[in-house]
Amino acid sequence: MKGYLAIVLHSHLPYVRHPEFNDFLEEDWLYEAITETYIPLLDVFTRLVSDRVDFHITLSLTPTLLEMLSDDLLMKRYGRHLQKLIELSEKEIQRTHDDPAINPLSRMYDDRFKHYMDMFKNRYRGNIITGFKEFMDAGMIEIVTSAATHAYLPLLIDEKWQDVQIHTGVDTYRNHLGTSPEGIWLPENAYTEGIDRILNRYGIKYTFLDAHGLLNASVRPVYGVYAPICSEEGVNFFGRDMQSAKQVWSAKEGYPGDYDYREFYRDVGYDLGFEYVKPYLHSDGSRSNLGIKYYRITGQTDQKQPYVPQWARNKVQAHAGNFVFNREKHIEYLSGIMDRKPLIVAAYDAELFGHWWFEGPEFIEHVFRKIHEINGSVKTITPGMYLKEYPENQIAQPSQSSWGDKGYHEVWLNGTNDWIYKHVHIAQDRMDELMHLSPVSRKQQRAIDQALRELLLAQSSDWPFIMNSGTMVEYAKKRFISHIARFTYLYEQIKNNRIDHRFLEGIESRDNIFPWIQYRNYAI
Amino acid sequence: MKGKDLKALSIIELRKLAKQLHVSLKRTMTKQQLVKAIVASTRSRAISATLKKRKQPSGKIHHPPAAGRHAALGPRYEEILPAYSGITKLVLMPRDPWWIFAYWEIDRSQLGKKDLILRVYRKDNQLYASISIGDANNWYINLPEPGETARSEIGFIRADGEFKVVAVSNTVRTPRAWPSHTGYEEAMHGFSHTTPFTESYEAFEKSNPYIREDITSRKR
Numbered sequence: 057m058k059g060y061l062a063i064v065l066h067s068h069l070p071y072v073r074h075p076e077f078n079d080f081l082e083e084d085w086l087y088e089a090i091t092e093t094y095i096p097l098l099d100v101f102t103r104l105v106s107d108r109v110d111f112h113i114t115l116s117l118t119p120t121l122l123e124m125l126s127d128d129l130l131m132k133r134y135g136r137h138l139q140k141l142i143e144l145s146e147k148e149i150q151r152t153h154d155d156p157a158i159n160p161l162s163r164m165y166d167d168r169f170k171h172y173m174d175m176f177k178n179r180y181r182g183n184i185i186t187g188f189k190e191f192m193d194a195g196m197i198e199i200v201t202s203a204a205t206h207a208y209l210p211l212l213i214d215e216k217w218q219d220v221q222i223h224t225g226v227d228t229y230r231n232h233l234g235t236s237p238e239g240i241w242l243p244e245n246a247y248t249e250g251i252d253r254i255l256n257r258y259g260i261k262y263t264f265l266d267a268h269g270l271l272n273a274s275v276r277p278v279y280g281v282y283a284p285i286c287s288e289e290g291v292n293f294f295g296r297d298m299q300s301a302k303q304v305w306s307a308k309e310g311y312p313g314d315y316d317y318r319e320f321y322r323d324v325g326y327d328l329g330f331e332y333v334k335p336y337l338h339s340d341g342s343r344s345n346l347g348i349k350y351y352r353i354t355g356q357t358d359q360k361q362p363y364v365p366q367w368a369r370n371k372v373q374a375h376a377g378n379f380v381f382n383r384e385k386h387i388e389y390l391s392g393i394m395d396r397k398p399l400i401v402a403a404y405d406a407e408l409f410g411h412w413w414f415e416g417p418e419f420i421e422h423v424f425r426k427i428h429e430i431n432g433s434v435k436t437i438t439p440g441m442y443l444k445e446y447p448e449n450q451i452a453q454p455s456q457s458s459w460g461d462k463g464y465h466e467v468w469l470n471g472t473n474d475w476i477y478k479h480v481h482i483a484q485d486r487m488d489e490l491m492h493l494s495p496v497s498r499k500q501q502r503a504i505d506q507a508l509r510e511l512l513l514a515q516s517s518d519w520p521f522i523m524n525s526g527t528m529v530e531y532a533k534k535r536f537i538s539h540i541a542r543f544t545y546l547y548e549q550i551k552n553n554r555i556d557h558r559f560l561e562g563i564e565s566r567d568n569i570f571p572w573i574q575y576r577n578y579a580i
Numbered sequence: 031m032k033g034k035d036l037k038a039l040s041i042i043e044l045r046k047l048a049k050q051l052h053v054s055l056k057r058t059m060t061k062q063q064l065v066k067a068i069v070a071s072t073r074s075r076a077i078s079a080t081l082k083k084r085k086q087p088s089g090k091i092h093h094p095p096a097a098g099r100h101a102a103l104g105p106r107y108e109e110i111l112p113a114y115s116g117i118t119k120l121v122l123m124p125r126d127p128w129w130i131f132a133y134w135e136i137d138r139s140q141l142g143k144k145d146l147i148l149r150v151y152r153k154d155n156q157l158y159a160s161i162s163i164g165d166a167n168n169w170y171i172n173l174p175e176p177g178e179t180a181r182s183e184i185g186f187i188r189a190d191g192e193f194k195v196v197a198v199s200n201t202v203r204t205p206r207a208w209p210s211h212t213g214y215e216e217a218m219h220g221f222s223h224t225t226p227f228t229e230s231y232e233a234f235e236k237s238n239p240y241i242r243e244d245i246t247s248r249k250r
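Note that the protein sequences, when read in sequence, are chains A and B.
Heads up: the first sequence is residues 57 to 580, going by my numbering.
Heads up: the second sequence is residues 31 to 250, going by my numbering.
Any given hint might turn out to be false.
Said to hold, decoys possible - Some residues of chain B that are not near chain A, with every Cβ distance over 12 Å (derived): (1) Leu39; (2) Thr60; (3) Met123; (4) Arg125; (5) Asp126; (6) Leu146; (7) Tyr158; (8) Ile161; (9) Pro174; (10) Arg188; (11) Val196.
To be verified - Derived EDC-like pairs (lysine to aspartate or glutamate); straight-line CA-CA distance at most 16 Å: (12) A/Lys462 x B/Asp126; (13) A/Lys302 x A/Glu289; (14) B/Lys119 x A/Asp214; (15) A/Lys478 x B/Glu43; (16) B/Lys119 x A/Asp166.
To be verified - Computed footprint of chain A on chain B; a stretch qualifies when at least three of its residues, placed anywhere within it, have a C-beta under 8 Å from a C-beta of chain A: (17) 110-122; (18) 130-138.
Treat the hints as calculated values from the structure; they're not laboratory data.
Bear in mind that the values here come from a model prediction, so they are computed numbers and not experimental data.
C-beta atoms are modelled at their ideal positions from N, C-alpha and C, and glycine is treated no differently.
Whenever a hint applies, use it, and build me the whole structure from the sequences.
Shown next, in the form of structure tokens:
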């Protein structure tokens with residue numbers, strides 16, 4: 057064994073919860089992620105463990121995701137969502153019984169959904185966090201935290217608020233997982249000098265940056281991105297390897313574009329007759345992705361052909377084999393010129409595996425199986441384990457950077473979204489004011505806690521990201537504006553000590569993230 | 031509808047308002063002429079309604095009717111961003127190694143018609159740019175060197191020629207754009223002609239892995 061591979065999956069969703077409606081389109085993001093990525097990954101881990109395949113993987117579960125996965129209302133709705141999918145897949149089996157190409161696929165989905173329902177309801181009792189915790193306690197997964205509402209920390213400008221985001225992220229992790237996090241996934245890997253000081257304050261030992269965050273550090277890293285660097289504050293930074301990233305990420309060069317893999321854009325929610333799928337769409341009647349897709353990519357053509365699971369499975373094994381082969385060669389080369397064991401950090405958005413790339417979870421499974429089978433130059437590891445073996449690393453201050461397009465902050469700061477920051481920063485100043493109000497009644501304190509929730513939700517990097525991406529922009533705008541407006545309304549009421557009780561109760565029940573939060577616990 | 035209310039608006043706002051009311055405009059009209067023309071217009075009810083929206087920012091939240099699918103996201107006031115009064119704030123934000131973004135809120139109540147100027151200072155307090163901001167409330171500024179600090183001020187030139195500062199910004203730091211020269215020898219010493227470092231750097235130069243093409247450009 058000559059070196060290590062650390063696969064890191066970043067799982068994040070913005071806090072979307074609309075109790076004021078019976079069903080809400082954007083809540084689908086969570087339900088799709090659970091059905092297509094999180095449960096399938098837990099399924100993969102379960103199979104690996106039962107086959108005694110040794111593996112180590114790192115997962116970030118962001119605070120907003122943890123809060124949603126343990127929210128009663130959302131999980132009840134998820135159960136309903138999955139139940140409807142099962143109903144639809146049963147109807148599909150009937151409808152396609154004459155079609156030898158499609159009928160086996162309907163059965164495949166039916167089996168899957170029923171298996172996932174069994175896992176969700178029976179094994180995990182409606183809370184899949186238990187599943188991740190099981191594998192964490194057994195030593196296979198390392199779970200890292202993230203900032204409270206996934207705020208783009210460098211653009212908050214005021215360090216106090218970077219601190220509050222990280223502090224709350226650490227607290228949320230503790231509440232849901234019962235231990236303290238050793239590592240953190242900074243939102244978008246966005247880093248600026250000073251964040252290391254904050255991380256150290258909360259006992260965080262390491263985080264991740266895109267390659268240039270390390271390569272452009274204050275001192276050239278001797279090992280490039282193949283070993284972590286450590287800042288003067290004692291926090292370690294792991295750099296992402298671009299080669300392993302591109303093999304999976306790149307739409308052109310990466311595996312997911314293979315013609316035998318499942319085509320994302322041929323979903324029954326769009327393909328089938330409206331009256332037939334209507335009961336499975338949202339109450340507003342708009343067509344949406346349901347998750348049952350029958351076609352493969354086929355080629356650069358609109359004439360998509362039916363999906364053939366066996367062909368896809370063969371490709372997954374071939375691609376996993378190729379991925380492992382490349383990592384083996386890479387490690388062999390690096391270990392020949394490094395005086396310590398090299399580490400390749402392969403970091404991805406979790407939803408790539410399963411949601412965007414249907415075969416993704418199986419790919420991960422086969423990568424682990426292959427590595428275990430050949431028992432060659434590469435072993436899987438987590439950053440925490442690597443630091444135990446190499447506790448001393450080159451001292452350097454990382455470069456301000458992010459993993460976003462173009463490597464810095466432009467995605468979150470451009471003509472589509474730069475207008476939000478004035479409102480965020482003024483709200484931050486005002487929140488600071490509220491937190492120092494004295495004397496203050498119990499009612500005011502309760503309102504100040506809620507004002508803090510509204511501010512945290514407004515600080516979400518998801519809103520400017522969506523505004524930049526051009527799809528679902530109206531939703532992001534409405535969310536951002538409503539949190540700032542709610543915050544401002546609360547601010548005025550608190551300052552005048554005229555709290556509208558019905559309003560407060562109303563937004564407490566809607567924006568109920570971090571129900572345990574208390575502003576007095578923040579020393580700012 | 032009062033001429034007094036109209037006088038409080040800027041020329042740009044008056045021209046917009048005049049256009050909305052189909053008041054015939056000339057490019058050379060002064061503010062006074064614009065106000066007169068609008069007052070003379072017969073659509074008084076429409077003007078009052080428009081004016082309510084354009085009142086000087088008072089820190090209060092407006093209550094226009096909400097519409098569309100998201101209307102019921104909350105009470106109607108949630109459709110509108112707050113207006114700020116009495117706040118003076120100037121903030122610099124980093125965008126990438128060569129660009130910073132500046133935005134400001136200026137309490138103009140004491141300033142009247144002064145022409146405001148944004149001054150940008152690079153490290154060692156060199157005055158780098160002096161920008162007449164007019165009615166703008168934000169600006170993207172190009173800096174000549176990456177990995178530097180900058181700060182700024184907004185002010186106006188007094189009658190005696192002195193620059194009177196009205197707002198002061200934070201200090202912003204832009205990211206580095208390339209590897210450090212420090213540690214160059216150590217990074218290269220003892221290895222063959224390519225090291226993990228140069229290999230990474232070459233791959234870094236050749237491709238841009240952050241170009242999140244097809245797969246995630248279709249992301250929500």
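Tested hints:
With a least CB separation of 21 Å from chain A, leucine 39 of chain B remains clear of the 12 Å interface cut-off, as annotated. With a least beta-carbon separation of about 30 Å from chain A, threonine 60 of chain B lies farther than 12 Å from that chain, consistent with its non-interface assignment. With a least beta-carbon separation of about 6 Å from chain A, methionine 123 of chain B fails to lie farther than 12 Å from that chain, contradicting its non-interface assignment. Not every C-beta of chain A lies more than 12 Å from that of arginine 125 of chain B, the closest at about 5 Å, which undercuts listing it as non-interface.
Some Cβ of chain A comes within 12 Å of the Cβ of aspartate 126 of chain B; the nearest lies about 4 Å off, and the non-interface call is violated. Against chain A, the non-interface label of leucine 146 of chain B holds: every CB pair exceeds 12 Å, the least being about 16 Å. Remark: the non-interface label on tyrosine 158 of chain B is consistent with the geometry, its nearest Cβ contact in chain A lying 20 Å away (cut-off 12 Å). Under the 12 Å C-beta cut-off, the non-interface status given to isoleucine 161 of chain B relative to chain A holds; the minimum distance is some 17 Å.
The beta carbon of proline 174 of chain B sits about 17 Å from the closest Cβ of chain A, which is more than 12 Å, so the claim that it is off the interface holds. Look at arginine 188 of chain B: its CB is around 27 Å from the nearest CB on chain A, clear of 12 Å, so calling it non-interface holds up. With a least beta-carbon separation of about 17 Å from chain A, valine 196 of chain B lies farther than 12 Å from that chain, consistent with its non-interface assignment. Between lysine 462 of chain A and aspartate 126 of chain B the alpha-carbon distance is near 9 Å, which keeps this suggested pair within the 16 Å criterion.
Our distance criterion of 16 Å between C-alpha atoms is broken by lysine 302 of chain A and glutamate 289 of chain A, whose separation comes to about 32 Å. Distance restraint check for lysine 119 of chain B and aspartate 214 of chain A: the Cα-Cα separation of roughly 13 Å lies within the 16 Å cut-off, and the hinted pair is therefore satisfied. With a C-alpha separation of about 21 Å, the suggested pair lysine 478 of chain A and glutamate 43 of chain B falls outside the 16 Å cut-off, and the hint is violated. At most 16 Å may separate the alpha-carbon atoms for a hinted pair to count; lysine 119 of chain B and aspartate 166 of chain A exceed this at roughly 58 Å.
Counting residues of the stretch 110-122 of chain B whose C-beta lies closer than 8 Å to any C-beta of chain A gives 7; at least three are required, and the coverage claim holds. Coverage of the stretch 130-138 of chain B by chain A holds [criterion: at least 3 residues with CB-CB distance below 8 Å; count 3].
In the structure shown, a violation is registered for the earlier hints numbered 3, 4, 5, 13, 15, 16, in ascending order.
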